[in-house]
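Counted from 1, the sequence shown has number 566 at position 379 by the working numbering; the numbering is strictly sequential.
The reader is advised that the hints may include incorrect statements.
Distance windows between CB atoms, simulated [said to hold, decoys possible]: (1) Lys352 with Val609: 50 to 58 Å; (2) Ala325 with Thr264: 34 to 42 Å; (3) Phe426 with Tyr460: 41 to 49 Å; (4) Lys266 with Phe426: 29 to 37 Å; (5) Phe316 with Gly548: 36 to 44 Å; (6) Ile436 with Pro320: 31 to 39 Å; (7) Ser301 with Met627: 31 to 39 Å; (8) Asp585 with Tyr375: 19 to 27 Å; (9) His227 with Leu429: 37 to 45 Å; (10) Leu602 with Tyr447: 27 to 35 Å; (11) Ile629 with Phe265: 17 to 25 Å; (12) Val609 with Met230: 31 to 39 Å; (13) Phe422 with Glu551: 16 to 24 Å; (14) Gly558 with Val360: 51 to 59 Å.
For lysine-lysine, the following BS3-like pairs were computed, each having C-alpha atoms within a straight-line distance of at most 27 Å [claimed, not checked]: (15) Lys529 with Lys590; (16) Lys233 with Lys566; (17) Lys582 with Lys484; (18) Lys456 with Lys356; (19) Lys587 with Lys554; (20) Lys539 with Lys582; (21) Lys567 with Lys590; (22) Lys304 with Lys590; (23) Lys380 with Lys450; (24) Lys590 with Lys580; (25) Lys431 with Lys352.
Worth flagging that the hints you see were computed from the coordinates, not collected in a lab. Here the structure is a predicted model, which is why all the values come from computation and not from measurement. Note that beta-carbon positions come from the ideal geometry of N, C-alpha and C, so glycine has one too.
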Amino acid sequence: MSFFRLEHTSNRVFGLDFLRFVAIFMVLIGHSLILVPAEHKPMVHKILLDGVAIFFVLSGFLIGGILIKQLERDKPTFKGLLTFWSRRWMRTVPAYLFVLIVLFAYTALAMPDSFPKDWWRFLFFIQNFEHEPPSFFAESWSLSIEEWFYLLIPTILFGSLYFLKTRLKPTIVVVSILVIGLITWYRYYIYHKYNFHSAHPEHVQGFKDYIDARINYSVIPRLDAIMFGVIGAFFAFYFPNLWKNKFNILLMIFGCWLLYYTKRNMGAKFGEYSTVWFPLIKSFVVLMMLPFLANWKKGFGRATKFITFFSLISYSMYLVNLNVVTNMLIKNIIHGNYDGVKITDITPAERKLNNILYVTGTDEDGKKVDGYYSFQPSKKIPASGKITVEEVKEKHLDMKKYKPGKHIVSEKWWLDYLLFWVFVISISFLMYKLIEIPFMKIRDRKKPA
188 MSFFRLEHTS NRVFGLDFLR FVAIFMVLIG HSLILVPAEH KPMVHKILLD GVAIFFVLSG
248 FLIGGILIKQ LERDKPTFKG LLTFWSRRWM RTVPAYLFVL IVLFAYTALA MPDSFPKDWW
308 RFLFFIQNFE HEPPSFFAES WSLSIEEWFY LLIPTILFGS LYFLKTRLKP TIVVVSILVI
368 GLITWYRYYI YHKYNFHSAH PEHVQGFKDY IDARINYSVI PRLDAIMFGV IGAFFAFYFP
428 NLWKNKFNIL LMIFGCWLLY YTKRNMGAKF GEYSTVWFPL IKSFVVLMML PFLANWKKGF
488 GRATKFITFF SLISYSMYLV NLNVVTNMLI KNIIHGNYDG VKITDITPAE RKLNNILYVT
548 GTDEDGKKVD GYYSFQPSKK IPASGKITVE EVKEKHLDMK KYKPGKHIVS EKWWLDYLLF
608 WVFVISISFL MYKLIEIPFM KIRDRKKPA
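Kindly produce the complete structure, drawing on both the sequences and the hints.
Structure below.
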């Protein structure tokens, strides 16, 4: 039974495992809502946080710590930079490539029309570098951001120390300020470049799509989140007494409150505050929580093993949960929903579960509206399954023309939901044992430069 045990080093920090546990379950619960009736989604959304933003800061903290120790110990050399990259890529790339190859093969055989034309971009992590985020292997958008951060920021630090002969401590401070300041400005610039000023539903949707493609899921505008983690590593290394202060638990408590307070009061998701400034606030708040969590060495009872287990397999869970499990296994293979479900094949009960309503009336341009539309979850949606354009305006509902393609929640949705968790945990466990661990062992045979 040793195969089913996950061994780990004794120097693991439980607080960081706990943060990673929270982050991955925030992501997975959010993605699993695809399989859940619309009426349950608003309640769950109230407690969800941005798990990816948490991962970004945590990643920056861990990588920043490695970089600082390496550069304090050894002189900056190109060989040292290559060693840093190779060790990082041995940790992240093998599992990523495995899932990518599986999705390439499956899509080519089962759905050749859906095979991405720019498939090669995934090999260089440029699938969302100033491009619209892909629906194929959608989770990979955040991996591109992390990989480009590992490529750019260490190069800047090594280059500055080697060519400009700067000292490490002030260099990290200057680079951190510049990266966070410039990227915040860039988000502000991109946001206002669109010149959005219309409340027409189609214009609003166009603006939302623009924000997703150019800001929310794009590489450059999200790099600052990881830099906040590097700042945490900076304080942990150079100011250990401040970092280990016993009152840091107050920062942790205040940070938890602030995350939910800002989430409830961020306004429209496409507004300037939520798009430009909220990412900055989220990252700073996670940074506030790190001093307490990074010094929380030991767990509490049996829950420790449970949390550590999911922390260990969290990377694979992130890689497989959406496209491999939800789309490939549940939506396509189990339900046979390769080309999408036609509206005529959806029962009235399923339309209600999925917030699909029949809309009639005339829009603002005088065009006749007569057909089925998908609606965002709202208590204002009528139970009759029908609504007029005038009622949509009065109730401020968000609707989209129904197009076959997305997963349709069935009346036995709970079974799909159970299968989601069984598949995600099982596949992730096997990937960690058979892919992640072997490559980490190969990596660790070579001593860092």
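Now for the hints, and whether the structure bears them out:
{"no.": "1", "hint": "Lys352 with Val609: 50 to 58 Å", "in the structure": "holds, 56 Å"}
{"no.": "2", "hint": "Ala325 with Thr264: 34 to 42 Å", "in the structure": "holds, 38 Å"}
{"no.": "3", "hint": "Phe426 with Tyr460: 41 to 49 Å", "in the structure": "violated, 31 Å"}
{"no.": "4", "hint": "Lys266 with Phe426: 29 to 37 Å", "in the structure": "holds, 30 Å"}
{"no.": "5", "hint": "Phe316 with Gly548: 36 to 44 Å", "in the structure": "holds, 42 Å"}
{"no.": "6", "hint": "Ile436 with Pro320: 31 to 39 Å", "in the structure": "holds, 37 Å"}
{"no.": "7", "hint": "Ser301 with Met627: 31 to 39 Å", "in the structure": "holds, 33 Å"}
{"no.": "8", "hint": "Asp585 with Tyr375: 19 to 27 Å", "in the structure": "holds, 25 Å"}
{"no.": "9", "hint": "His227 with Leu429: 37 to 45 Å", "in the structure": "holds, 44 Å"}
{"no.": "10", "hint": "Leu602 with Tyr447: 27 to 35 Å", "in the structure": "holds, 32 Å"}
{"no.": "11", "hint": "Ile629 with Phe265: 17 to 25 Å", "in the structure": "holds, 22 Å"}
{"no.": "12", "hint": "Val609 with Met230: 31 to 39 Å", "in the structure": "violated, 24 Å"}
{"no.": "13", "hint": "Phe422 with Glu551: 16 to 24 Å", "in the structure": "violated, 53 Å"}
{"no.": "14", "hint": "Gly558 with Val360: 51 to 59 Å", "in the structure": "holds, 57 Å"}
{"no.": "15", "hint": "Lys529 with Lys590", "in the structure": "holds, 8 Å"}
{"no.": "16", "hint": "Lys233 with Lys566", "in the structure": "holds, 14 Å"}
{"no.": "17", "hint": "Lys582 with Lys484", "in the structure": "violated, 50 Å"}
{"no.": "18", "hint": "Lys456 with Lys356", "in the structure": "violated, 38 Å"}
{"no.": "19", "hint": "Lys587 with Lys554", "in the structure": "holds, 16 Å"}
{"no.": "20", "hint": "Lys539 with Lys582", "in the structure": "holds, 18 Å"}
{"no.": "21", "hint": "Lys567 with Lys590", "in the structure": "holds, 23 Å"}
{"no.": "22", "hint": "Lys304 with Lys590", "in the structure": "holds, 22 Å"}
{"no.": "23", "hint": "Lys380 with Lys450", "in the structure": "holds, 25 Å"}
{"no.": "24", "hint": "Lys590 with Lys580", "in the structure": "holds, 22 Å"}
{"no.": "25", "hint": "Lys431 with Lys352", "in the structure": "violated, 31 Å"}
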